[in-house]
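Colleague: As a plain string of letters, each chain reads:
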Amino acid sequence: MAHIVLDKVTKSYAGGVTAVDAVDLEIRDGELMVLLGPSGCGKSTTLRMIAGLETISSGDLYIDGERVNEKDPRDRDLAIVFQNYALYPHMNVARNLGFGLKLRRVPPAEIERRVQETARMLGIEALLKRRPAQLSGGQRQRVALGRALVRQPRGFLLDEPLSNLDAQLRTTMRLELIKLHRQLGATIIHVTHDQLEAMTMGERICIMDGGKVVQVGPPADVYRNPASLFVAGFLASPPMNLLPAAVVGSDGGGLAVRVGATTLPLPEEYLQAYAGCRDRSVVLGVRPEDLHEAAPALPQITVAANAVEMVGPEVILVGTPEGLETEASARLSRAFRAEPGDRISLGVDMRQIHLFDPATGLAVPRPDLGFEPHRR
Amino acid sequence: MSALFAPTLAARDRRFGYAMAAPAIVVLAAIILAPVALALATSLFDYTLMNMTFDRFIGFDNFVAALSSSEFANSMVVTTLFVIAVVALEFVIGFVVALMLTTVKRGKNIYYLILLIPLLINPVVVGLIWRMLLHPTLGIVNWLLGGIGVPDIDWLGHPGTAFWTVVLVDIWHQVSFMAVLLTAGLSALPTEPYEAARAEGAGTLQTFWYITLPLMKPVIAVTLLIRLIFAIKTYDLIYIMTRGGPGDATDLISYYIYRSAFARLNLGEAAAMAILLMVIVIVLTLALFRTMRARG
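Top to bottom, those sequences are chains A and B. Under the numbering used here, read the first sequence as residues 40 to 415, first letter to last. Under the numbering used here, read the second sequence as residues 5 to 300, first letter to last.
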C-alpha cells in the first residue's frame, strides 16, 4: 500500500504555461482521494505526474517516504486506469490483463491464475477470449480496471474512468469502485470533474482550480464549509446561491445582511465571526435547500418566480430576489406549485449561510454549527 | 405503393449507373483488355517478328518451350532472389527510418523532402546517374573509396558484384517508398496503448515488440505486397545498368521477356512468359486485396 505526498509539485510547459502550480497534498495509506475540478484545472496532469507519465517541473513527490521524481513508471508500482481505457486492441482480454505481469516476468502459470482470479472478481470470466473491439463500454471499463488490479500494485490512479459510461452504468460502477476499495483497502486517487462522483466516492476531496489546490477535506466538510466562491459554485447541482450583499448593523447591537431589498438578521452565534464585515459588501452564500417555503419562523426573502422545475422528488424554483438582478434557486417540496411571475416568500435558514469576501473570493471563517433541522 | 415502384426505380438506377460507367469501361477495354487478349492469342501461335502472322496455332508449345528453357529458369531464380533481397532490405531500412522519423519533432518536412527526392526521379535517370557514379575507372565512388585505400571495384562488370549493385541502387531509389508508407502507418496508430504499456512498465524494445509490431501488421502486409508486385516488374534499372549481364547474373524476368521478343524476335514465346508473369502478379494482387479487406 502507498502513502503518497506531493510537496509543491509543479508542472510548467515551455511558453510559460503552468498547468499545476505548487500542489501540496498528502494521500494517506489506504485512502480514496478524489481530485475534483473543471476541465483544464490540472487534476489529470497531477495524476499523470504521480504515475510518472509526465515529468515534474519542480517540487517533490514521495511514495512511502521515498522521493520518486526521477523514477520510471515501472518502479513506482502504481497502476493507472485511463478515461479511454487504453486497452491493447490486438490482444484479447486475458492477454490485456496479463500483459503487465508478463513484462515483469511472472511465470505463465501464475499469470493465468491471477488473470482468472481478477476476471472472477470483476465478473468478466466469459469475456477472456474476446478482443476489446467486441466489448461494450462497461465491459472495457472492467477490463481496464482488471488490468490495474491484476498487478496488485501499491496504489491505483484512476483518470476519469467513469466519464465515458452512460449515466446508469456510471452509478453502478461507482458503487462497485467503492466496494472494491473497501475490499482491497488500497490507496486510490480518483480524478473526476463530476462533483456527484466526488461527493459519493471520496473519503476526502481535493478541489483544484487553475492548477492550484483550493480545498481539501471530507466531502461533508467541503460541502458544509466551502473555502471559496469557486468551491461554493462548483459543488452540488444546483450550486449554492451567491448573492451580492452587505453587512449592516441592526437594532439591539446585532448584525444583519442586506440583500437587495431584504434585510436578514445574522444568528447570534456568528456575530463575533462576522463583526469584521460590518458596513462592507460581501457575497451571501445560501444553498438552495436552505430556502424554505411556508416557514414563518425564519427570516423571509421575496423572490419573483422565473421558472419552476419539477424534478421528481423535489421542485426547483428559480427566481429573482427583490431588488437584485442575480437569480437564486430553491429546492422545495414536491407539492410546491407556482407560475412564472408569482411573488413567493421564502424562509432563509440563516444558520447555514456563508459570507464571502468579494475581493479575495474566500469565505469569511465562522463557527460550524453542523446541519440541523431548521425551525419552521 | 413504394413496393410497387421499387423494382423499376432500382432498374432505372442500375441502367443509369451502367450508362455513366460505359465510357470508362470502353476505354479500359480498348487499352488494357484488348492488348492482354492479343498477348494471350500471340502466346498460342507460332508468331515471330520474322513471320508476323497468326498462321500456325501451336497450343501451349510456347509455354512448354519457356518452362523447359534453362534461361527462363535462371531468370526466375534471379528475379526471386532480387525481389526477396530488395523487399527485405528496403523493409528493414524503411522501418528503421520510419521509427526514427516518428520521434522527430522539428523539421519533419525537410526529412520527408530529402526522402522523397529519389522516388521522384525516373528509374532510367537513376540508372544513368548510378552507372556514371559506379564507373570502374571514371566513377566518383571508386575514386572516393580509393581515398581510403579500397582497390577499384568493378561494380557492374563482375557477375558476383553486379547483382548486389543493382539491389543497392534499387534500395537507394525505392526505400523511401517503404519509409513513407510505414511512417504514415505509425502516425495513425492509437497513442493510448503506448501510455498504458509505459505505465505497466514496458521498455522501448518490449513496446516495439508487443505493441508497435502487432498493431502495424496490416500496414506492413500491404506495404510488403505493393513493393513485392513492383519489384517483380523491375525493368528500367536492368536495361540501363546491366542489360541482364554480366552473363545472366542480373537477367530479371521482365528483361528476359523483352530480350525474347525483340532480340530473339520470338514474340509468341515472349507472350507466353508474359502471361505466366501476369498470373503471378495477379495472384499477389489478390493476396494484397484480401489483406487490405481483412484490415478494414
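A few of these clues could be false.
[Stated by the list, open to error] With a straight-line Cα cutoff of 30 Å, these simulated DSS-like cross-link-like pairs (lysine-lysine) come out:
1) A:Lys141 / B:Lys221
2) A:Lys251 / A:Lys141
3) B:Lys112 / A:Lys168
4) A:Lys168 / A:Lys218
5) A:Lys110 / B:Lys237
6) B:Lys221 / B:Lys112
7) A:Lys141 / A:Lys110
8) A:Lys251 / A:Lys47
9) A:Lys47 / A:Lys141
[Claimed, not checked] Per label pair, the in silico range of CB-to-CB distance:
10) A:Tyr101 / B:Ala192: 38 to 44 Å
11) B:Ile152 / A:Ala172: 52 to 58 Å
12) B:Leu85 / A:Ala172: 50 to 56 Å
13) A:Ala172 / B:Leu123: 31 to 37 Å
14) B:Trp147 / A:Glu109: 31 to 37 Å
15) A:Ala148 / B:Tyr116: 47 to 53 Å
16) B:Leu117 / A:Glu109: 35 to 41 Å
17) B:Leu124 / A:Pro147: 46 to 52 Å
18) A:Arg144 / B:Ala192: 47 to 53 Å
19) A:Glu93 / B:Leu117: 55 to 61 Å
20) A:Glu109 / B:Leu124: 20 to 26 Å
21) B:Ile152 / A:Lys110: 56 to 62 Å
22) A:Asp111 / B:Ala192: 23 to 29 Å
If you're looking for bench data, these hints aren't it; they were derived computationally from the structure. Every value quoted in this text rests on a predicted model; they were computed, and no experiment measured them. Ideal Cβ placement from N, Cα and C applies to all residues, glycine included.
Colleague: Which of the stated hints cannot be reconciled with the structure, identified by number in ascending sequence?
Modeller: 2, 3, 5, 9, 12, 14, 18, 19, 20 and 21
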